[in-house]
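Protein chains in written order, with our numbering: chain A, 1 to 433; chain B, 1 to 322.
One should not assume that every hint holds.
To be verified - Listed next, the in silico DSS-like pairs over lysine-lysine satisfying Cα-Cα at most 27 Å (straight line):
(1) A/K58 - A/K413
(2) A/K332 - B/K177
(3) A/K58 - A/K325
(4) B/K177 - A/K422
(5) A/K70 - A/K332
(6) A/K192 - A/K413
To be verified - Simulated coverage check for chain B against chain A, where a stretch passes if three residues somewhere in it have a Cβ under 8 Å from a Cβ of chain A:
(7) 149-155
(8) 211-217
(9) 282-291
Think of the hints as simulated: they come from the structure by calculation, not from any bench. For glycine and all other residues, C-beta sits at the position ideal for the given N, C-alpha and C.
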Amino acid sequence: MSSLRRPALRTLAAAGAAVALLAVAGCGGSNSDAGSADGTITLTVKTFSQFGYEELYKQFEASHPNIRIKQENIAKLADYTPKLQQWLTAGSGAGDVVALEEGILVKLMAKPDQFVNLLDHDAAAVRNNFLEWKWKQALTADGRKLVGLGTDVGAQGMCYRTDLFAKAGLPTDRAQVGALWPSWDDYLATGKRFAAAGTGASFFDTAGGIYQNILMQQGDTTYFDRENNLIVDSNPGVRSAWDRTVAMIGAGLSGKLQMWGPAWNAGFKKGTFATVPCPAWMLGIIEDQAGPENAGKWDVARVPGEGAVRGGSFLAVPAQSKHPKEAADLVKFLTSPQGQIAAFKAKNNFPSSPQAIDDPAVSGAVNAYFNNAPVGTIFGQSAKLLEPVYLGPDNQVVGDAVGDALTAVEQGKLSPDEAWTKAIADARRAVDK
Amino acid sequence: MSAEAPPRPVRTSPAPAGASPASRLSRWNRFDLHGSPYVFIAPFFVLFAMFGFFPLVYTAWVSLRAWDLTGDGGFVGLGNYSRLMGDPDFWNAVLNTLGLFVLATVPQLLMALVIAALLNRPIRALLMFRLAVLAPIVTSVAAVAIVFGQLYGRDTGMVNGVLGLIGVDAIDWQASKTSSWIAVASMVNWRWTGYNALIYLAAMQAIPRDLYEAAQLDGAGAVRQFRSVTVPLIRPALVFTVVMSTIGGMQLFTEPLLFGQGDVSGGSLRQFQTVAMYMFEQSFQNFDYGYGSAIAWTIFVLTVIAGVVNALISRRLRGGTR
């Protein structure tokens with residue numbers, strides 16, 4: 001109950017009001033980017049999840065003898081984001097390079113002064129190293145300030161269990177599987193065939209993931225137009241993605257699992273669901289969760305519809321950095337085509353640089369765990385088909401409202417119409433403060 | 001400090017004016033007598049001012065401003081509070097908090113009382129039992145999350161497995177208010193019953209034995225002894241645990257968060273979101289610091305009210321005309 005009497009919970013409580021507001025007041029974080037007496041500079045890099053930069057740091061240190069790099073990684077994005085907020089607001093603690101996930105970047109674009117303008121550090125010269133839309137996501141509307149440079153994109157594939165497909169009498173070869181679902185309606189039809197076979201497994205893990213994929217293929221806006229007006233109820237793309245997802249729930253295809261929950265994690269090993277939409281970075285997670293004994297049971301095919309993106313990150317230099325020039329150089333190095341190729345090799349983070357995508361090291365890449373699937377080609381096609389989607393600063397809170405409503409439909413607590421009405425009402429309330 | 005501490009020798013003869021070393025000594029002695037106690041207790045108050053009082057005041061100040069990710073948006077008066085009063089999600093969270101408080105605290109304290117009474121008797125392997133009731137407190141939170149995640153899993157959970165044996169359909173514990181409250185309350189009860197039992201036990205051991213002997217001579221049975229001797233005599237401990245549980249209950253955060261696998265909105269329809277979770281959601285997920293601070297202050301006020309009410313009620317309990 002009370003966090004007052006549980007020392008073990010101090011970490012959680014630390015995120016509570018008192019400590020956090022202290023941080024806001026300017027007492028938070030430690031400033032670690034000090035220069036030492038012998039002229040060595042230490043650059044602190046703050047990341048979340050897995051960026052796969054360890055080898056790159058060594059290379060950079062070798063070519064810059066006066067620079068040492070210290071990475072501070074936080075495993076979960078949900079834990080990283082509030083901390084990042086505190087560092088930025090407090091004006092200290094953010095170090096010299098921070099990783100920004102797409103969702104937080106769109107919020108921070110409202111306040112670009114918290115970051116060093118990378119255009120002041122010759123970033124314009126590397127413009128062609130990035131997919132056009134990825135570059136623009138971190139550029140202010142007037143085109144004068146560049147907040148960050150792109151790292152990866154969450155290019156999409158559809159991962160599936162070959163053994164479950166075989167049991168259900170479906171093809172298992174990835175080209176034939178991809179041919180089963182040119183569109184999401186075909187995916188639904190395949191799902192019905194799968195469900196009719198009665199394998200005991202569900203067709204996909206959770207409706208939220210499917211919905212997000214369909215939504216990101218519905219044109220260049222989702223919940224907000226480019227003037228940041230809420231268009232969740234008037235944008236036909238949102239309703240269309242909703243209706244298709246609800247149809248799949250109605251057909252009993254969803255495993256109703258909570259993403260990242262223990263049952264979801266265990267599902268990869270036990271085969272409780274047959275397909276899961278997988279951004280490139282999820283391949284590593286599936287491999288970890290399913291374990292070596294299931295090698296070859298998971299495979300990856302193209303995603304229904306036309307490409308899509310989920311997530312993807314940027315590197316930025318906080319304005320509070322004491323060594324902005326060196327930090328900007330490091331950002332340029334890490335996000336260069338070579339840097340992105342290395343990160344892809346290390347952790348499957350799919351490059352946002354066209355040169356890297358076409359590099360044989362990426363385009364020819366196969367993943368042994370996934371039956372030697374040509375992941376470079378599958379994700380490369382998906383990434384190049386991408387259309388930039390404008391999200392808006394309040395994207396996440398509206399997305400949460402819609403996602404929760406979908407879960408309530410899955411749980412059978414609300415009818416689809418009630419859930420839609422509730423989602424719209426919650427979204428409006430969250431946005432009009 | 002013990003009450004029997006010898007009185008400090010007091011210098012009675014004031015030093016003559018002008019004799020400077022003596023007068024300095026006298027001033028030092030006066031300070032030593034009247035000032036030093038304050039110096040001794042100062043560290044607590046300095047720390048409290050820094051980490052207790054200042055955040056409290058600062059949060060109150062932030063709660064009067066529109067303050068989000070883009071920084072301080074200026075003074076809005078009581079705007080955040082009036083928005084809060086009309087916010088159905090907030091009132092839902094208050095209802096959940098109170099519901100969980102009742103479900104978690106009442107059985108918890110009653111069970112603790114019974115356990116303490118049992119442990120206060122001469123039984124075999126007493127030390128082992130006393131240690132056992134403490135085990136949940138020293139269990140790491142992560143382990144608790146894993147264990148209860150297994151127990152209340154929808155598809156492969158142990159509780160559903162047992163219910164299945166007696167023909168009850170599998171329950172989606174997170175889906176409805178009732179089932180999620182029961183699950184969360186069971187986590188809270190499991191963790192904190194032993195702690196309260198230990199406090200009661202300590203209080204019970206301070207009760208003189210002859211009172212029980214006298215009661216026995218008067219023909220009181222075990223239950224009557226418990227009601228008429230034990231409970232009234234451990235009333236200070238009862239009041240303490242009630243107040244502490246109230247504070248804990250109003251700030252309930254970790255157990256429901258763990259139950260929802262870290263989902264701070266507490267279920268698809270906010271079935272088990274407490275006010276502390278709502279504050280966290282608004283402050284650190286939606287980055288609405290002004291609104292989050294207003295919620296934090298409202299929790300503070302609600303906690304004070306609930307604590308005072310409970311203290312008054314439990315003081316009246318059991319023949320209290322004191």
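Query raised in the report: Does the structure keep A/K58 and A/K413 at a Cα separation of 27 Å or less?
Result: 53 Å, violated
**Report entry** Given coverage of the segment 149-155 of chain B by chain A, tested with a Cβ cutoff of 8 Å and a minimum of 3 residues
**Finding:** Per the Cβ count (5), the hint holds.
Report task. Compare the distance between the alpha carbons of B/K177 and A/K422 with 27 Å, and conclude whether the hinted pair is satisfied. Result -> With a Cα-Cα distance of about 18 Å, the restraint between B/K177 and A/K422 holds, given a limit of 27 Å.
Requested in this report: Would you check chain A against the segment 282-291 of chain B, counting CB to CB pairs closer than 8 Å, and say if three or more residues qualify?
Outcome: holds (count 8)
Requested in this report: Three residues minimum, CB to CB under 8 Å: does the segment 211-217 of chain B make the cut for coverage by chain A? Let me know.
Outcome: violated (count 0)
Query raised in the report: Under the criterion that the straight-line Cα-Cα distance not exceed 27 Å, is the pair A/K332, B/K177 satisfied?
Result: 51 Å, violated
Query raised in the report: Taken at face value, is the distance from the CA of A/K413 to the CA of A/K192 at most 27 Å?
Result: 23 Å, holds
**Report entry** Satisfaction of hint between A/K332 and A/K70, Cα-Cα up to 27 Å
**Finding:** Between A/K70 and A/K332 the Cα gap is close to 17 Å, so the pair holds against 27 Å.
Query raised in the report: Taking 27 Å as the top limit, are the C-alpha atoms of A/K58 and A/K325 close enough?
Result: 19 Å, holds
Consistency with the previously given hints fails for numbers 1, 2, 8, ordered from lowest to highest.
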